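Engineer: Line by line, the protein sequences are chains G, E, U, D, A and W.
Mapping of the first sequence onto my numbering: position 56 corresponds to residue 56, and the numbering continues sequentially without gaps.
Mapping of the second sequence onto my numbering: position 146 corresponds to residue 146, and the numbering continues sequentially without gaps.
Mapping of the third sequence onto my numbering: position 170 corresponds to residue 170, and the numbering continues sequentially without gaps.
Mapping of the fourth sequence onto my numbering: position 81 corresponds to residue 81, and the numbering continues sequentially without gaps.
Mapping of the fifth sequence onto my numbering: position 176 corresponds to residue 176, and the numbering continues sequentially without gaps.
Mapping of the sixth sequence onto my numbering: position 21 corresponds to residue 21, and the numbering continues sequentially without gaps.
Rather than coming from a laboratory, the hints here were simulated on the basis of the structure.
Accuracy of the hints is not assured; some may be wrong.
Claimed, not checked - Heads up, incomplete: computed chain A residues facing chain E, CB under 7 Å, no partners named:
{"#": "1", "residue": "A8"}
{"#": "2", "residue": "P11"}
{"#": "3", "residue": "G15"}
{"#": "4", "residue": "R18"}
{"#": "5", "residue": "H83"}
{"#": "6", "residue": "F193"}
To be verified - Think about it this way: if two alpha-carbon atoms lie no more than 30 Å apart in a straight line, the pair counts; the simulated DSBU-like pairs of lysine-lysine are:
{"#": "7", "chain 1": "U", "residue 1": "K178", "chain 2": "U", "residue 2": "K92"}
{"#": "8", "chain 1": "U", "residue 1": "K92", "chain 2": "W", "residue 2": "K92"}
{"#": "9", "chain 1": "D", "residue 1": "K92", "chain 2": "E", "residue 2": "K92"}
Every value quoted in this text rests on a predicted model; they were computed, and no experiment measured them.
Even glycine gets a Cβ: it sits at the ideal position worked out from N, Cα and C.
6 protein chains.
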Amino acid sequence: MTDIPTFAIPPTFLGVERTDPSAAICIAGIPYDLGTSNRPGARFGPAAIRQASRMLVDGDHPANWGDPAKFDLADIGDFRTAHGDILGSLAKIEAQAAPLTHLVALGGDHTVTLGLLRALATRRGPLALVHFDAHVDTWPDSFGLVWGHGSPFYHAIEEGLIDPHRTVQIGIRSPMHKAVHDWTVGKGVTIIFAEEVHEAGPSAAAERIREVIGDDAAAYLTFDVDALDPAFAPGTGTPEVGGLATWQTRAILRRLAGLDFVGMDVVEVSPPYDVSEITALAAATIAWDYIALLAPRG
Amino acid sequence: MTDIPTFAIPPTFLGVERTDPSAAICIAGIPYDLGTSNRPGARFGPAAIRQASRMLVDGDHPANWGDPAKFDLADIGDFRTAHGDILGSLAKIEAQAAPLTHLVALGGDHTVTLGLLRALATRRGPLALVHFDAHVDTWPDSFGLVWGHGSPFYHAIEEGLIDPHRTVQIGIRSPMHKAVHDWTVGKGVTIIFAEEVHEAGPSAAAERIREVIGDDAAAYLTFDVDALDPAFAPGTGTPEVGGLATWQTRAILRRLAGLDFVGMDVVEVSPPYDVSEITALAAATIAWDYIALLAPRG
Amino acid sequence: MTDIPTFAIPPTFLGVERTDPSAAICIAGIPYDLGTSNRPGARFGPAAIRQASRMLVDGDHPANWGDPAKFDLADIGDFRTAHGDILGSLAKIEAQAAPLTHLVALGGDHTVTLGLLRALATRRGPLALVHFDAHVDTWPDSFGLVWGHGSPFYHAIEEGLIDPHRTVQIGIRSPMHKAVHDWTVGKGVTIIFAEEVHEAGPSAAAERIREVIGDDAAAYLTFDVDALDPAFAPGTGTPEVGGLATWQTRAILRRLAGLDFVGMDVVEVSPPYDVSEITALAAATIAWDYIALLAPRG
Amino acid sequence: MTDIPTFAIPPTFLGVERTDPSAAICIAGIPYDLGTSNRPGARFGPAAIRQASRMLVDGDHPANWGDPAKFDLADIGDFRTAHGDILGSLAKIEAQAAPLTHLVALGGDHTVTLGLLRALATRRGPLALVHFDAHVDTWPDSFGLVWGHGSPFYHAIEEGLIDPHRTVQIGIRSPMHKAVHDWTVGKGVTIIFAEEVHEAGPSAAAERIREVIGDDAAAYLTFDVDALDPAFAPGTGTPEVGGLATWQTRAILRRLAGLDFVGMDVVEVSPPYDVSEITALAAATIAWDYIALLAPRG
Amino acid sequence: MTDIPTFAIPPTFLGVERTDPSAAICIAGIPYDLGTSNRPGARFGPAAIRQASRMLVDGDHPANWGDPAKFDLADIGDFRTAHGDILGSLAKIEAQAAPLTHLVALGGDHTVTLGLLRALATRRGPLALVHFDAHVDTWPDSFGLVWGHGSPFYHAIEEGLIDPHRTVQIGIRSPMHKAVHDWTVGKGVTIIFAEEVHEAGPSAAAERIREVIGDDAAAYLTFDVDALDPAFAPGTGTPEVGGLATWQTRAILRRLAGLDFVGMDVVEVSPPYDVSEITALAAATIAWDYIALLAPRG
Amino acid sequence: MTDIPTFAIPPTFLGVERTDPSAAICIAGIPYDLGTSNRPGARFGPAAIRQASRMLVDGDHPANWGDPAKFDLADIGDFRTAHGDILGSLAKIEAQAAPLTHLVALGGDHTVTLGLLRALATRRGPLALVHFDAHVDTWPDSFGLVWGHGSPFYHAIEEGLIDPHRTVQIGIRSPMHKAVHDWTVGKGVTIIFAEEVHEAGPSAAAERIREVIGDDAAAYLTFDVDALDPAFAPGTGTPEVGGLATWQTRAILRRLAGLDFVGMDVVEVSPPYDVSEITALAAATIAWDYIALLAPRG
């Protein structure tokens with residue numbers, strides 16, 4: 001047990017002291033929000049998620065008693081981006097992600113996932129994708145912007161970074177052009193609408209995810225906090241009501257133990273719209289849950 | 001697809017340009033809160049709901065792919081009220097609502113519904129009523145005020161504007177004098193307590209509503225955002241904990257397709273108490289859901 | 001019916017005028033937060049809960065139509081504490097609680113419950129305990145502090161104030177040392193994790209609580225608002241996502257009617273982190289629900 | 001010295017225990033805001049000012065070392081108003097103020113001053129008036145409302161309650177119809193624009209006030225917090241930028257020692273728009289400064 | 001006098017109904033913040049400034065009794081920008097500004113001024129510039145971004161859009177590379193540090209501005225709200241403490257009557273960081289003051 | 001020039017990378033607020049001040065063009081305290097401060113200064129003290145607490161850590177027992193009330209400070225942010241209206257160049273009460289101003 005009270009934990013993720021990128025799992029922030037089409041602020045997401053993660057220090061995960069002492073975890077700081085330059089930033093993100101063994105990225109808007117997938121797909125081939133979101137993010141463009149936060153998975157499919165037949169989207173409920181929906185499903189993507197999670201429960205959702213992904217595929221987890229209802233995650237740019245509760249997403253995640261996860265990100269935390277750190281804490285907890293999934297048992 | 005980003009949508013409801021009251025569906029705001037007995041601010045509701053509605057632009061409704069291009073929708077601005085004068089305001093509201101074909105009103109406190117029902121009942125006879133609320137609003141008076149926001153449905157029943165046997169209230173949970181409850185039920189009103197929605201689910205609630213209302217009755221929808229739990233709708237004047245989630249109310253509404261709705265209002269959004277627009281967005285989404293229910297398919 | 005509008009109710013709990021400690025049920029605030037290990041502010045909890053309780057005035061409880069006029073209720077003001085002195089404060093709390101017949105205490109951080117249990121156990125022997133919380137609060141110390149808000153039930157068990165075999169904790173989900181968990185369970189305490197409430201429902205939880213407590217034991221209710229999810233209770237010091245909804249806790253409480261409750265507290269409301277009074281209102285409502293459980297019927 | 005820390009002071013003004021209206025100076029709140037034409041919320045002003053006043057307990061006033069122990073001060077609670085009824089409320093305010101020896105009223109919107117002046121003028125004849133405000137409040141009506149918060153001094157002059165030649169308004173800067181300005185000045189009122197205070201300093205302003213009022217006239221102080229700049233008083237309904245700093249108003253007030261003050265009010269504190277209690281504290285301090293002016297020396 | 005209360009004024013600037021770009025003075029919003037290097041959100045500036053401007057409706061300007069009825073004023077809505085594209089947006093801004101006679105632009109970040117100056121300088125030659133700001137904004141680039149909000153006046157000087165010898169910057173106080181300062185002064189720009197305004201007063205500052213600008217030059221006013229202290233304008237992206245009070249900037253502006261102003265903008269209002277609309281109201285008031293400067297007398 | 005935008009600066013003070021305590025100037029945070037008697041939260045002050053300090057990166061100080069590259073500055077992280085233990089914390093603070101050459105401490109409540117002075121006085125003898133504050137902080141105890149934030153300078157004088165004849169307090173204005181005032185002045189302390197700064201100006205205040213301190217004495221600067229008015233520093237525990245503007249304190253500080261400063265702290269920043277980082281930025285700027293005072297010129 002530490003004798004540093006929660007309020008004094010240093011502002012790395014979980015207060016970890018290691019900063020060396022050769023760790024088994026690296027945390028990195030990506031302070032970037034040029035791709036946002038509504039409320040900005042995700043540039044401050046990494047700082048807020050790290051600060052909220054102090055609340056998760058000094059305890060085992062109650063779901064699996066994973067032993068944090070056996071994690072080889074480093075917080076390597078923030079990625080550099082190209083200020084005001086979308087394509088330049090995507091290239092920098094890809095380059096910085098490429099050499100890392102297993103990255104847990106703290107966004108940043110959802111555009112950043114495209115850079116991360118490019119880096120990872122080079123090494124691991126087309127990835128299976130578990131994608132929590134209120135939006136399908138497969139628009140060919142949003143409001144004229146081709147490389148914005150509404151389009152990362154359009155590009156990821158077009159570029160062959162993910163396998164759409166092993167891609168599942170959970171929490172979808174936004175207004176959407178029918179053509180975008182139909183293209184997405186036509187490519188083979190599985191959509192689990194928020195409503196289905198509410199009515200069939202997280203256990204059914206998890207089962208369906210496992211069916212789509214399969215246990216043997218290299219899988220990537222991307223978690224847009226707007227998958228959560230604005231009541232649970234007000235601090236985000238493109239909220240949609242009717243979303244998931246944090247307990248539901250945690251219940252789903254817990255049931256994904258055993259998938260071959262090779263990386264994850266949690267994105268779209270916008271601190272200027274957060275209240276009392278609840279969105280940042282939700283994001284930190286999701287990353288913590290993910291790491292616990294991977295952890296050796298105590 | 002529009003190339004105006006969400007953040008730049010003009011501040012009419014859904015950014016619509018039409019302002020002509022001869023449209024098939026008219027949106028109007030009613031900036032009025034003289035009837036509030038606790039926290040004021042609903043006078044700013046219309047502006048906040050319109051601004052939040054920008055988030056719903058440029059997309060079809062995912063539940064039914066209604067084609068917004070086929071809606072004949074106008075935002076005719078705000079109704080005039082009589083500053084500081086409750087009865088004068090009710091008269092003005094009634095007069096302005098009377099000539100409109102199908103009105104979607106953005107409140108304002110719940111008193112305004114009385115004026116709207118007077119206008120509509122003149123034309124359509126006693127209405128069936130779907131009433132989401134934490135409160136029955138059938139008090140003969142509240143704290144000495146006869147025409148306040150605790151009493152619109154007392155008057156509506158007494159004036160024969162609604163048919164209590166075709167009236168159903170969903171989400172009720174406030175402290176309440178037993179005599180008020182008994183009068184309401186005695187008149188024939190069906191009450192579905194919030195607890196019942198939580199325990200039996202929205203599908204059962206929707207079924208019961210359909211039974212009470214019937215498919216052939218001219219039905220009015222009045223949605224007090226305090227039907228929602230304060231977690232989902234903090235920006236309101238008379239919050240009560242234990243309320244509905246937005247997904248629940250949306251799940252109920254979706255199942256009311258086919259009822260003969262002739263008008264609706266969403267009331268009691270108080271922006272000074274809102275956080276990150278979540279209440280205003282909930283209200284805008286409920287109105288959008290309602291319009292989608294009525295819309296021709298794409 | 002009163003003609004004082006909600007916004008003008010005086011700032012005692014439920015606006016009661018009686019302040020005499022000989023009442024059957026006494027409300028007292030305990031403005032104390034020296035035991036907090038993360039976000040402070042619970043020192044302002046009593047004032048905020050009282051102010052929010054105005055919203056519950058002038059109405060019967062809809063679950064049981066308890067007649068408030070038959071309650072013998074007094075708000076005796078705040079307990080004195082020893083400024084800056086943890087042990088001194090615990091002693092003062094115990095001393096002030098001792099002579100009261102039936103106390104409903106408004107915290108204050110969870111440390112205060114230790115003082116309250118000491119006062120009550122002296123008179124009533126080891127108590128059965130219904131404990132809502134995100135945390136087990138049975139750490140032998142937290143960050144080096146033996147008498148902080150992470151440890152009241154460690155001491156309560158060690159001091160024989162509660163009977164661990166008749167103790168049940170509901171809503172647990174925080175990071176936790178496995179050793180703390182095992183000690184707690186080893187002592188005989190029943191833990192109902194938040195996840196279990198979500199998945200099995202409040203009715204099952206209530207049944208299990210009744211089994212553990214039994215109808216004949218003198219039972220104490222301690223409600224840490226962080227049992228609630230941060231969406232429902234952002235205004236608290238040690239939030240954990242994935243928590244209970246207010247409707248769930250109310251549904252459980254309602255089903256505990258008939259237990260032999262001898263006192264209760266609601267703690268850890270931190271107003272500087274609250275938004276639009278929703279946490280304070282949740283706490284006030286829980287206390288109101290509790291009092292209604294005890295009330296004679298109308 | 002008290003050993004109750006600031007955070008635990010009870011919520012009467014300055015924590016005073018006396019509630020008996022026969023005290024030499026009585027504090028009363030007036031939770032009323034039916035007269036507001038922009039942002040509401042002043043109904044919660046009395047509660048917020050009292051709560052903020054805790055910060056002024058346990059100390060002498062540093063300007064004059066007045067001895068609080070020698071004040072005969074009571075907080076008699078809130079005045080009753082007629083819910084939703086402007087004229088009825090004015091009548092009630094007047095009736096409750098009439099028997100009090102020396103009243104310090106906590107608003108409430110500025111309409112309440114009309115009721116207070118009616119009560120006082122009956123006893124003391126036309127009063128001299130020191131009026132801090134951003135607005136002249138001498139509109140014959142505002143937006144069609146004759147008895148709103150833009151008109152109390154129009155009525156006070158017309159009803160002969162104040163002597164316009166002994167009336168001075170300080171801090172004026174709002175948009176204003178020239179006709180309203182000219183009527184006011186034509187009646188004999190002295191206006192000191194905010195700009196003049198900024199450029200000539202508070203000492204010059206105080207001197208001019210003393211000249212207009214005179215030492216022998218029975219004088220009333222009415223302080224609308226929007227006299228202060230929104231930086232110093234964001235929590236108000238009708239803010240205007242370019243206003244006074246709190247130090248300036250305090251510097252003026254201090255120099256008015258010796259005037260024959262017979263009553264005062266501080267109005268237009270709207271807590272939903274306040275931040276971190278700064279407006280409420282400003283209002284409480286102004287009332288405290290006023291009482292210190294009257295106090296016997298230690 | 002209008003009978004629409006302040007809270008119901010429609011959301012155009014000052015509630016004006018005219019939208020025709022052939023008006024003598026046109027208001028346009030520029031919802032753009034791609035150039036921000038710290039806190040974003042200025043994309044929502046135009047909406048917030050318009051909404052706050054309701055507070056200035058229905059009154060003459062007290063400084064000069066300008067008669068609003070004689071203003072030929074239109075609110076032409078928002079300029080279109082190229083989403084995610086800095087250079088494209090600048091080009092669009094320039095193109096839309098070009099045909100307008102006299103534009104009052106509501107920002108947006110300070111980058112937009114470059115587009116506006118390009119449009120105006122084409123027609124009016126190099127302009128004299130009155131520039132309120134905490135920053136000189138003459139950096140050749142900021143953090144690698146050449147076309148960001150730290151550089152508009154570097155480009156304006158390099159492109160010959162403004163005459164640096166007739167350019168004066170007021171309120172400067174940020175950290176700054178000495179080389180940037182020296183380049184600016186070397187070009188002929190006059191800098192009045194915030195400190196100088198505080199110590200010598202606004203009258204001296206105004207006099208110096210008039211000397212630099214001259215009465216005969218076509219002058220442009222650009223007002224970055226961060227010229228104001230964060231106490232007066234918290235809602236901005238790059239705050240610097242020690243800034244101007246609103247009264248000071250208004251006192252300066254008032255003394256610039258008679259200059260030959262040909263356009264203005266007020267920029268860098270970031271509503272997510274604003275509190276109680278005070279920054280938006282400051283910006284609206286500055287634009288209103290500017291328009292009053294130009295207005296015919298009543 | 002850096003190409004890391006302001007929003008991406010790492011969360012050390014000014015983003016400095018050096019963490020080695022042998023630097024010429026060390027920054028350390030002290031997350032401690034056990035001594036607060038009103039609003040808590042200063043425990044989060046160090047994190048907030050560091051985060052706000054990002055806004056001061058990449059620029060010279062405009063007052064003296066100090067060259068930051070020549071500063072030998074390290075951020076050594078936070079001091080350890082004893083959780084829940086006032087005296088233990090004071091001892092730890094002293095022990096950690098003792099070996100440091102020149103410390104700039106970020107509080108934390110004002111109690112921490114006592115520990116810092118003990119460490120420094122051991123080495124440098126009784127210190128001259130420049131003390132900005134709304135409160136004299138020379139109470140022998142506050143509300144029964146001897147070692148709270150109202151008493152550090154009582155102890156510092158009694159323990160001989162400071163020389164009261166070379167101590168000056170600026171900004172004083174709180175309620176205060178006359179006996180405390182008289183004891184302080186009787187010991188030889190010079191008090192400059194806030195009012196005097198407002199009326200005589202910062203230049204006069206600076207001159208008086210220089211007279212009291214003298215150029216040859218080892219001087220310590222302690223800056224309680226509540227010296228500032230709540231408009232400029234809402235995020236603090238014990239606000240008092242009528243305080244200083246940030247420009248005034250900066251104008252005073254700048255004129256203290258040449259004093260022999262041997263250490264400083266800035267305390268009482270309480271982030272839960274801050275708005276838009278303005279208090280944290282004020283504190284960061286004061287520390288930055290202080291460091292610039294000491295810096296070699298570019």
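Engineer: For every hint, state whether the structure bears it out.
Structural biologist: Here's how the hints hold up against the structure:
1. A8: 4 Å, holds
2. P11: Constraint on P11 (chain A) satisfied, holds at 5 Å.
3. G15: 11 Å, violated
4. R18: Cβ of R18 (chain A) sits 15 Å from chain E, so the hint is violated.
5. H83: Constraint on H83 (chain A) satisfied, holds at 5 Å.
6. F193: 35 Å, violated
7. U:K178 <-> U:K92: With a Cα-Cα distance of about 34 Å, the restraint between K178 (chain U) and K92 (chain U) is violated, given a limit of 30 Å.
8. U:K92 <-> W:K92: 29 Å, holds
9. D:K92 <-> E:K92: Status holds; Cα separation ~29 Å.
Checked against the numbered hints listed earlier, the structure breaks hints 3, 4, 6, 7; every other hint is satisfied.
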